[in-house]
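Residue numbers (our numbering), protein chains in the order written: chain R, 1 to 116; chain A, 1 to 115.
Among the hints, erroneous ones may be present.
To be verified - Pair ranges (Cβ atoms, derived): (1) Glu17(R) to Ala2(A): 34 to 40 Å; (2) Thr14(A) to Arg72(R): 45 to 51 Å; (3) Met11(R) to Thr14(A): 37 to 43 Å.
Bear in mind the hints are in silico, worked out from the structure with no lab data behind them. Virtual Cβ for every residue (Gly too), placed ideally from N, Cα, C.
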Amino acid sequence: AQKITQTQPGMFVQEKEAVTLDCTYDTSDQSYGLFWYKQPSSGEMIFLIYQGSYDEQNATEGRYSLNFQKARKSANLVISASQLGDSAMYFCAMREGTQGAQKLVFGQGTRLTINP
Amino acid sequence: KAGVTQTPRYLIKTRGQQVTLSCSPISGHRSVSWYQQTPGQGLQFLFEYFSETQRNKGNFPGRFSGRQFSNSRSEMNVSTLELGDSALYLCASSQPPSARGYEQYFGPGTRLTVT
Chain R
1 AQKITQTQPG
11 MFVQEKEAVT
21 LDCTYDTSDQ
31 SYGLFWYKQP
41 SSGEMIFLIY
51 QGSYDEQNAT
61 EGRYSLNFQK
71 ARKSANLVIS
81 ASQLGDSAMY
91 FCAMREGTQG
101 AQKLVFGQGT
111 RLTINP
Chain A
1 KAGVTQTPRY
11 LIKTRGQQVT
21 LSCSPISGHR
31 SVSWYQQTPG
41 QGLQFLFEYF
51 SETQRNKGNF
61 PGRFSGRQFS
71 NSRSEMNVST
81 LELGDSALYL
91 CASSQPPSAR
101 GYEQYFGPGT
111 RLTVT
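Generate coordinates for the entire structure from the input sequences, incorporating the hints supplied.
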């Protein structure tokens with residue numbers, strides 16, 4: 001079974017600093033997908049970024065980038081120039097199952113707090 | 001394009017009752033997945049429906065069931081509610097694969113409290 005580990009229960013960062021949220025995964029599949037989601041206090045899960053296991057370049061979406069190190073099985077999220085609105089829970093997830101089947105396995109999350 | 005909608009947003013039930021939650025996916029999305037989120041267990045996959053068929057199922061008791069209609073709207077039902085069923089229930093819909101992979105778009109969730 002696949003497993004996602006987020007070792008940082010909470011992080012506190014000053015506004016405008018860059019922040020890295022750690023994520024390691026465990027899978028025996030050759031083809032997989034890795035996701036990061038943001039969950040504000042309202043509860044909705046907001047898609048941030050996706051990395052496919054065969055993608056050679058690290059994914060980027062605006063201020064978000066994914067530092068994908070396949071050999072180390074890590075997929076860290078980097079947020080550049082953090083903003084107060086970035087304060088939220090962040091979840092790393094992996095797509096499990098056959099192609100097309102949509103099952104995500106989530107880590108326990110990291111609560112990020114941006115201080116002014 | 002409207003996002004994923006879930007109704008109701010909040011629900012209070014008593015033990016032993018049953019509950020039905022509804023999810024309307026983004027227009028054109030045919031896959032709907034359900035997740036349960038609790039402080040203790042985190043986010044756990046319940047099941048996924050595609051074209052009215054359950055395609056994947058998580059490790060939950062048979063009290064949890066779901067279905068999908070021809071318009072891709074989905075419902076999940078929990079019978080004989082237990083206190084431990086109190087959770088945020090999230091629904092997600094996904095589009096056919098693109099260069100960004102199988103993105104799942106989540107709704108705002110239904111917060112169920114069982115007393």
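How the hints compare with the structure:
1. Taking the beta carbon of each, Glu17(R) and Ala2(A) are about 36 Å apart, inside 34 to 40 Å as hinted.
2. Remark: the range hint 45 to 51 Å for Thr14(A) to Arg72(R) is upheld by a beta-carbon distance near 49 Å.
3. Hint check: Met11(R) to Thr14(A), Cβ distance near 39 Å, so the stated range 37 to 43 Å holds.
Of the numbered hints given earlier, the model fails none.
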